[in-house]
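Generate coordinates for the entire structure from the input sequences, incorporating the hints supplied.
Chains as they are written, first to last, in numbering that gives the first Met the number 0: chain B, 0 to 210; chain H, 0 to 751; chain W, 0 to 133.
If you are wondering where the hints come from, they were derived from the structure by calculation, not from laboratory data. Careful: at least some of the hints might be erroneous.
In the PhoX-like style, the derived pairs of lysine-lysine whose C-alpha atoms are separated by at most 25 Å in a straight line are [claimed, not checked]:
hint	chain 1	residue 1	chain 2	residue 2
1	W	K120	B	K195
2	H	K712	H	K697
3	H	K394	H	K331
4	H	K712	W	K132
5	H	K622	H	K395
Predicted model only: the values in this text are computed from it and were never measured.
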Amino acid sequence: MTLSGYEALFFWIFALAAIFAGLLTVMARNAVHSALFLISSLVSVAALFVLAGAEFIAGVQILVYVGGVMVLFLFVIMLVNVGAEEKGNEEIFNNQRQVAASLIFCFLLVGGVLYAVNKGYSGLQKVNPPAETLAEQQAARDQSHAVSATKVSRITDDTQRVGASLYRYAALPFEIASVLLLVAIIGSVMLARTLKQESAADDLDPDEPKS
Amino acid sequence: MYKYIWLVPLLPLIGAAINGLLGRKLRFSETVIGGIAVGSVALSFLISVAAVVSYGLGGGHAHWPTPYLTSQDGFSFSWIPGGAISVNNGASYALLNIEWSYQLDPLSAIFMLIVTGVGLCIFIFATGYMHGETGFYRFFAYMGLFMFAMLVLVMGSNFLMMFVGWEGVGLCSYLLIGYYFDREEAANASRKAFITNRIGDFGFALAIFGIIATFGSAQYGDVFNLAKGYPIETLGHWGVMSWIALGLFIGACGKSAQLPLHVWLPDAMAGPTPVSALIHAATMVTAGLYMVTRTNVIFQHSQTMLLVVALVGTATAIFAAIIGITQNDIKKVLAYSTVSQLGFMFMACGVGAFAIAIFHVMTHAFFKALMFLGAGSVIHGMHHEQDMRRMGGLKKYMPYTYWTFFAGWLAICGIIPFSGFWSKDEILWKAASTTYVPLGWLVWLVGTIAATCTAFYMTRLMAMTFWGRERFLEKPETHDIHGGGHDHAAHVPHESPPSMWVPLVVLAVLATIGGFVGIGPAFQAVTGVEHPGGKLNIVNWLNPIIWNPETGEFNVPHEGEHGSVISHTAPVAESHGSSSWFNLAHAVEGVTHSHLLTEWLFIVISLVVAGIGIGFGVLFYVKNPSLPDIWAQRLRPLYQASYNKFWVDEFYGWAVTRRTMDAARAVFAFDSRLVDGIVNGLATLSRGLSRVVGAIDKYFVDGIVNTIAAFIKRLMSPLFRAAQTGFTQNYALMMVLGLMIAVVLFFARDIF
Amino acid sequence: MLNSFIPILALFQAAEGGRWAQTWQAASHPDLSKFLVIGALLFIIGVAGVLTRRNIIVIFMSIELILNAANLNFIAFSRYLTSIGNVNAVAGQIFAVFVIVVAAAEAAIGLGIVIALYRNKETIWVDEIDLLKW
Numbered sequence: 000m001t002l003s004g005y006e007a008l009f010f011w012i013f014a015l016a017a018i019f020a021g022l023l024t025v026m027a028r029n030a031v032h033s034a035l036f037l038i039s040s041l042v043s044v045a046a047l048f049v050l051a052g053a054e055f056i057a058g059v060q061i062l063v064y065v066g067g068v069m070v071l072f073l074f075v076i077m078l079v080n081v082g083a084e085e086k087g088n089e090e091i092f093n094n095q096r097q098v099a100a101s102l103i104f105c106f107l108l109v110g111g112v113l114y115a116v117n118k119g120y121s122g123l124q125k126v127n128p129p130a131e132t133l134a135e136q137q138a139a140r141d142q143s144h145a146v147s148a149t150k151v152s153r154i155t156d157d158t159q160r161v162g163a164s165l166y167r168y169a170a171l172p173f174e175i176a177s178v179l180l181l182v183a184i185i186g187s188v189m190l191a192r193t194l195k196q197e198s199a200a201d202d203l204d205p206d207e208p209k210s
Numbered sequence: 000m001y002k003y004i005w006l007v008p009l010l011p012l013i014g015a016a017i018n019g020l021l022g023r024k025l026r027f028s029e030t031v032i033g034g035i036a037v038g039s040v041a042l043s044f045l046i047s048v049a050a051v052v053s054y055g056l057g058g059g060h061a062h063w064p065t066p067y068l069t070s071q072d073g074f075s076f077s078w079i080p081g082g083a084i085s086v087n088n089g090a091s092y093a094l095l096n097i098e099w100s101y102q103l104d105p106l107s108a109i110f111m112l113i114v115t116g117v118g119l120c121i122f123i124f125a126t127g128y129m130h131g132e133t134g135f136y137r138f139f140a141y142m143g144l145f146m147f148a149m150l151v152l153v154m155g156s157n158f159l160m161m162f163v164g165w166e167g168v169g170l171c172s173y174l175l176i177g178y179y180f181d182r183e184e185a186a187n188a189s190r191k192a193f194i195t196n197r198i199g200d201f202g203f204a205l206a207i208f209g210i211i212a213t214f215g216s217a218q219y220g221d222v223f224n225l226a227k228g229y230p231i232e233t234l235g236h237w238g239v240m241s242w243i244a245l246g247l248f249i250g251a252c253g254k255s256a257q258l259p260l261h262v263w264l265p266d267a268m269a270g271p272t273p274v275s276a277l278i279h280a281a282t283m284v285t286a287g288l289y290m291v292t293r294t295n296v297i298f299q300h301s302q303t304m305l306l307v308v309a310l311v312g313t314a315t316a317i318f319a320a321i322i323g324i325t326q327n328d329i330k331k332v333l334a335y336s337t338v339s340q341l342g343f344m345f346m347a348c349g350v351g352a353f354a355i356a357i358f359h360v361m362t363h364a365f366f367k368a369l370m371f372l373g374a375g376s377v378i379h380g381m382h383h384e385q386d387m388r389r390m391g392g393l394k395k396y397m398p399y400t401y402w403t404f405f406a407g408w409l410a411i412c413g414i415i416p417f418s419g420f421w422s423k424d425e426i427l428w429k430a431a432s433t434t435y436v437p438l439g440w441l442v443w444l445v446g447t448i449a450a451t452c453t454a455f456y457m458t459r460l461m462a463m464t465f466w467g468r469e470r471f472l473e474k475p476e477t478h479d480i481h482g483g484g485h486d487h488a489a490h491v492p493h494e495s496p497p498s499m500w501v502p503l504v505v506l507a508v509l510a511t512i513g514g515f516v517g518i519g520p521a522f523q524a525v526t527g528v529e530h531p532g533g534k535l536n537i538v539n540w541l542n543p544i545i546w547n548p549e550t551g552e553f554n555v556p557h558e559g560e561h562g563s564v565i566s567h568t569a570p571v572a573e574s575h576g577s578s579s580w581f582n583l584a585h586a587v588e589g590v591t592h593s594h595l596l597t598e599w600l601f602i603v604i605s606l607v608v609a610g611i612g613i614g615f616g617v618l619f620y621v622k623n624p625s626l627p628d629i630w631a632q633r634l635r636p637l638y639q640a641s642y643n644k645f646w647v648d649e650f651y652g653w654a655v656t657r658r659t660m661d662a663a664r665a666v667f668a669f670d671s672r673l674v675d676g677i678v679n680g681l682a683t684l685s686r687g688l689s690r691v692v693g694a695i696d697k698y699f700v701d702g703i704v705n706t707i708a709a710f711i712k713r714l715m716s717p718l719f720r721a722a723q724t725g726f727t728q729n730y731a732l733m734m735v736l737g738l739m740i741a742v743v744l745f746f747a748r749d750i751f
Numbered sequence: 000m001l002n003s004f005i006p007i008l009a010l011f012q013a014a015e016g017g018r019w020a021q022t023w024q025a026a027s028h029p030d031l032s033k034f035l036v037i038g039a040l041l042f043i044i045g046v047a048g049v050l051t052r053r054n055i056i057v058i059f060m061s062i063e064l065i066l067n068a069a070n071l072n073f074i075a076f077s078r079y080l081t082s083i084g085n086v087n088a089v090a091g092q093i094f095a096v097f098v099i100v101v102a103a104a105e106a107a108i109g110l111g112i113v114i115a116l117y118r119n120k121e122t123i124w125v126d127e128i129d130l131l132k133w
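Next up, the structure:
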C-alpha cells in the first residue's frame, strides 16, 4: 500500500491541508468560516481517498458530503446564525474549566497516538514485506488494469468492485440505509415545521396551547 | 294380601307429604285436604284388615302364628348392613344387621287395627272439627306424619324401627300440641311434652344399646329367642335383664305418662281436641304398653322390674284419679283419666297379665277416643267453651253427643256388658291373684279405690256437662276462667255436623261391644270354654307373643281350650319362693273353697265399687249440688292438693328447672368472668405488647434508619446535584472520557 | 527537498544518519500508519471542537470532522488489506459509504432540531440551553 513518488508528495500536501483546515474549523469565529473550512477539509480528505485507491468513495464524499450536507449546514447557518455574531463580541469558546478539561483530554489522546505509533511501527514493519516489494506489487497491480482510451492512464476497477459488493453482499445494509434515509427525510421535515405550517396541515401538537 | 303391609305406613306418609308440601302452595280446598288424609288412612285401614284376616284367619293360616316379616318377600331395606358393628357375646352371632322391614304378628296386628281404625274415626271427626282453620293442611300433614310414625313403631321388626317410630310420634306430638303456635300456653305445653318424652327416650335408648350389646342383634325374633334361655332374676337379684327392663320402663314412663313423667299429658290438652283424642288417648300413649308387652320376655325375667312396673302403675292410677276429681276443664278431666287408665294398664303388665293390658289398651282406645271426641263435639257446640262449670243440661241440645258419651261413660266405669268392664275387671282379678310379684293385694286394693274414683269423677263430668240446669244461660261469674269476653247468654249450643257425630256413633258401638273379645274364664259356665271365641279371643290371640316362664317358651295358641284355669297364670315364683307372699285370691279361695266363686266375688266387688262411685257422683252433682263445696271445705288439704295437681309441676320447676337455670347462670358467670377474662386479658396483654414493640420500632429503629439516610444524603446529595449541570458538553466530555477508558481497558492486553 | 517542508522531520534532525534515513524513507513512502495518524489527528481536532465550542452549528461540524476521520481509517485499511491480498478488502469502502449515509441523515435531523430549538429559545449558544439541571 505504500505510496511513493508524487503520490507521497500529494499525500503530505493533502494531509496537512486537511489537518490545518480542521483546526481552523474548530477555531473560526464566524460559523460560515467554519463551514467553509470544513468543506476544504472534506475535499482534502477526498483527495486522500483517491490516493488510497478509493475513487468512488472520494466522489461520493464530494457529492454527498460536501455537496449535500455542507450545503445544508450553510442553509441552517444562514437561518439561525446570521444576527448572532455580527456584533463580534460573543464568546466562541465555553467557560475555562470545560475548555481546560477538553484540552487535557485531547492531549491525552495525542499522547496515545504517539505511543501507538511508536509501538506499532516496528510491528507493522515486521508483518509487512519491505517497502520495495510492496511498491512492485502495487505497480504490477496498476499495470494489470485496462488501458484507457488515451493509452496514457489505466481504468481502475474500484467502482466496479464497490458496486459488486454493495449490491450483493451488502444488499441488506443497503436497504436498511435507504429506510434510514427515508426516516431522516420525514423526521427532519416534521421537526422543522413552524406553527403556521402545522396548523395549515391540521397537525398541531395537542399538548401545546394554541397560540 | 298380607304381603302388602308395607303399604300401611306408606299411604298416610304420602298423604301427609302431599298435604304438607302442596297443600298451601296449590291452595287445596278443605275438601281435598280432608279427602286425601282420610282416604289415605282409610286405605291403610282396609289393607290392615285384609292383611290381618288373610294372615291370621285366612289363606296364610298355615304360617300362623309365626310372625310375617316383609323381608321374607323382599320388601325390606338394609338399613345398617352387617359389618358396621361387631359384637362379641360368646354366641355364634355374626355382625349386627339392622333392616327396615315390617312385621305382622298378633301384637302388631291389634295395634295396626286400633291405630288405623280409631285413627280413621278421628280423622273424619277432625275434618269437621278443624273446619275453618287456616292451618288445615298443616294439621292433616302432621296427623298423617303421626300415623306413619305410629305405624312404623308398631309394625317394625326390630328395636331401632320402634325407636324411629317412638321419636317420630314424639315429634308429631310436639308439632300437633303446638298447632296453635301463637298461643303461649300451647307452645309451652308442646315443649314440655317433647322434653319430658325425651327423658324417657334416654332410658329407652340405653336399653336398646344394652339389648344390642347383650344379644348382638336388634331384631325381635333374634333377641327374644336368645332371651328365653337366660335365667330369671328373682326379687332382689339385679342383672342385665333388669337393667334392660329398667331402661325400657323409663322410656315407657316418658311416653305413656306414668309417674313421675306424667306432667306433660294434662298440659297437652292445649292442642286441638282430635289431637288429644288420637295421640293422647288412643295411640301414642299406648306405645309404652306396646313396648312393654313386646319385650315381656325381658320383663318376665326380672321380677324386681315387674314389681316396679306394678307399683308405679298403681301409684299413677290413684294419683291421677284423685287429681281428676277436682278439675274443671273437661279436657283436663279426660286427660287425668287417661293417665289413670294407663296406670291400670301398667298395673296389668306388672302382675304378669300382658294380654289383659293390651285388651285394656284396646277398650280404652275405644271409649277414651269416644269421650275425647265427644268433648270436642261439646266444645265445638259450646263455641269453644271448655269449663264445665259453664256447661250443663246439654242433653237436649246435643243428643247424638250425649248418647254416645253415655256409652263411653258406662264403659269407663266398668259396667257390664260394656267393654271397660271386661278389661278392668280382669286386671283387678289378675292383680289379686298374681304369683309373679308380691304385694298383689295392695295393687288390687289401690286399683279398686282408683276405679271408684274413676267412676265418681266420670259421673261428675256427665252431671256437670249434660245433666242439670243450663249454667251457660246464666250470667258469668266475676272471675273469668276461660272464654274471651263473649256474651254467654247469646250462645245456644248446637249439635255438631254429621262428619263429627258419625265417628262418635261408630266408636260408641265399639265401646259397647268391643269387650266381647275378652270374656274371661269366670264366665266359663256361660261360655263353656275358658277363653271363648277361639283365636279371636284376645288372650288366645296374644298368647304366641307372651312368654311362659313355666315352660320357658312362648305360649302355644289355643292353649285355653284345655287345661285348668290356673295353668296360664303359671307361677314363675312357685319354684322361686312365692309361697311366702300373701296372695289375696288364694286367701279368699281358702275361705270359699271354690275358684269360680272367688272370681265372681271379685267381679261383684268391682261392680259394687263402680256403683258406689256412680252413686256418689249422682248424689254430689245431681241430687245435692251443695255437697261438693261442703266436702271440699271439710277435706280442705286433700282438696287443695288435688286441685293443684299435688304441686308436681311446681316441684319440678323448683327442683329441676330453676336449679338448671342456676347452674346455667353459674356456668355463664364462670365463662364470662374467668374464661372471657383470660381471653380479654390476653388480648390486653397483646395490645400492650404491640404498643411497646411499636414504640421501639417508631423511635429506635426508625431513628437509626432516618439518621443513616440523612447522613448519606448530606454526603452524596451535593455531589450528585452538582453533576446535573444541564450543560450538554459536560455530558459529552464525560462520555468521551468513559469511551477512552473503555477502549483502553478493552485493549489492555494488546496495548500494554 | 521535500524534507524541509515536513515540519515533523525537524524533530529528527539531531538523530544519526541511519535514523534520519529511516525517517526520510518512512516519510517518502507513506503507508498505512501515516493514514491512521492523520485520521487520529482529525479525530482529536473534532473532539476538541465538540467539547469546547459554544455554537451548536460548529459543534455539528466538528462531529462531521470526527466521522470523516473514521472514514479515512476505513479507507486506509481497505487499501492496506487489498495490498496484502485479503479478499474482504472492499468492505472498508462499503462501510465508508454507509458512514456517509448515516452522517447525512444525522446531519439532517440534527439541523432540524437546531432550527426548532432556535425557534423556541432564540439562541444558538449551547450553554444557554441548560434546563435539565437541578
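Checked hints:
no.: 1; hint: W:K120 with B:K195; in the structure: holds (18 Å)
no.: 2; hint: H:K712 with H:K697; in the structure: holds (21 Å)
no.: 3; hint: H:K394 with H:K331; in the structure: holds (21 Å)
no.: 4; hint: H:K712 with W:K132; in the structure: holds (18 Å)
no.: 5; hint: H:K622 with H:K395; in the structure: holds (19 Å)
Violated hints: none; the structure is consistent with every hint.
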